[in-house]
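**Student:** Sequence:
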Amino acid sequence: MIKSSQISDTYSPSRLAELYAISDHGSLKYVEKVLNSVEEPYPFIWNVVIRENLMKQNPLKAILLYNQMLIVPDIAHYGCMVDLFGHAGLFNRIEETIRIMPMKPDAVMWKTLLGACRIHKNLEMGEQSGLKLIELAPDEHASYVLLSSIYAMADKWDKVHEMRKLMWKRGIIMPPGSSSIELDGVVYEFFVGDTTHSRKKEIYKMLGEMGERFKNVCWILTRKR
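Residue numbers (the working numbering): 35 to 259.
In case anyone wonders, no lab produced these hints; they're calculated from the structure.
Glycine included, C-beta positions come from ideal geometry on N, C-alpha and C.
A hint or two may mislead.
[To be verified] 16 Å max Cα-Cα, derived EDC-like pairs, lysine to aspartate or glutamate:
1) Lys190 to Asp140
2) Lys193 to Glu161
3) Lys166 to Asp140
4) Lys199 to Asp173
5) Lys203 to Glu174
6) Lys155 to Asp189
7) Lys138 to Glu169
8) Lys203 to Glu161
9) Lys199 to Glu174
10) Lys166 to Glu129
11) Lys138 to Asp108
12) Lys190 to Glu161
13) Lys193 to Glu223
14) Lys234 to Glu223
[Stated by the list, open to error] Restraint ranges, calculated between C-beta atoms of paired labels, are given here:
15) His154 to Lys235: 16 to 24 Å
16) Glu196 to Val226: 18 to 26 Å
17) Leu94 to Tyr222: 36 to 44 Å
18) His231 to Glu196: 32 to 40 Å
19) His154 to Glu196: 41 to 49 Å
20) Asp173 to Glu130: 24 to 32 Å
21) Ala122 to Lys239: 32 to 40 Å
22) Leu88 to Pro209: 40 to 48 Å
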């Protein structure tokens, strides 16, 4: 196969490149020859060649090959950058990324940015991204809750009230919090404020007993201190 000038099969060159890469006497020269033998190399072969250059301590060649891939970034790539910069608190880089994007940010990106603003307490950008999120996803309760939390951190309780009023006006209902447990192959689910469970008397009795035990444990620990 290597002696032939062209490889048209899509499965064979991938396996061949990987075989050369993992063999004890693997030669980077042959791995790159597989790459050059394919008319339109696809990501797997590029990844193998780039990885092998890195493992062979040839980072500059790896970067050159990466640039040769000519990847056209889509919304997911830009979203990853927003998430990365958001975790680092680099909001100026986020603004630059959104500015140079050839497409408009989607709801996922605004939600990612809003979460980062909440963590780093960037109230100004948090409000902007929250309003954009509500504009794109008006039926999702999480949009309103996240923006409300931003307002609450800034002690803007009038804005929190506005969000709740807007949710009520648009018929947005928050799903109740719940927890579940499996016993003897049966899954039991409990909701906040639910009083309709068929075994609620037993449940509340057990919760009361557990509460008393916790009180006793806390009392003992307090005395030991």
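**Student:** Against each hint, give a clear statement of whether it holds in the structure.
**Tutor:** Now for the hints, and whether the structure bears them out:
1. Lys190 to Asp140: It is violated: about 27 Å lies between the C-alpha atoms, which goes past 16 Å.
2. Lys193 to Glu161: Roughly 10 Å between the alpha carbons, so the hint for Lys193 and Glu161 holds.
3. Lys166 to Asp140: holds (9 Å)
4. Lys199 to Asp173: Holds, at roughly 14 Å.
5. Lys203 to Glu174: holds (14 Å)
6. Lys155 to Asp189: Given that 16 Å is the threshold and the Cα spacing comes to 12 Å, the pair holds.
7. Lys138 to Glu169: Status holds; Cα separation ~13 Å.
8. Lys203 to Glu161: Answer violated: Lys203 to Glu161 is near 20 Å, above 16 Å.
9. Lys199 to Glu174: holds (15 Å)
10. Lys166 to Glu129: Between Lys166 and Glu129 the Cα gap is close to 14 Å, so the pair holds against 16 Å.
11. Lys138 to Asp108: Distance of about 11 Å is within 16 Å: holds.
12. Lys190 to Glu161: holds (11 Å)
13. Lys193 to Glu223: Violated, at roughly 34 Å.
14. Lys234 to Glu223: Answer holds: Lys234 to Glu223 is near 12 Å, not above 16 Å.
15. His154 to Lys235: 16 to 24 Å: violated (47 Å)
16. Glu196 to Val226: 18 to 26 Å: holds (24 Å)
17. Leu94 to Tyr222: 36 to 44 Å: violated (59 Å)
18. His231 to Glu196: 32 to 40 Å: With a Cβ separation near 35 Å, His231 and Glu196 satisfy 32 to 40 Å, so the hint holds.
19. His154 to Glu196: 41 to 49 Å: violated (24 Å)
20. Asp173 to Glu130: 24 to 32 Å: holds (31 Å)
21. Ala122 to Lys239: 32 to 40 Å: Given about 50 Å between the Cβ atoms, the range is violated.
22. Leu88 to Pro209: 40 to 48 Å: The hint (40 to 48 Å, Cβ to Cβ) holds, given that Leu88 and Pro209 are roughly 46 Å apart.
Hints 1, 8, 13, 15, 17, 19 and 21, counting from the list given before, are not met by this structure.
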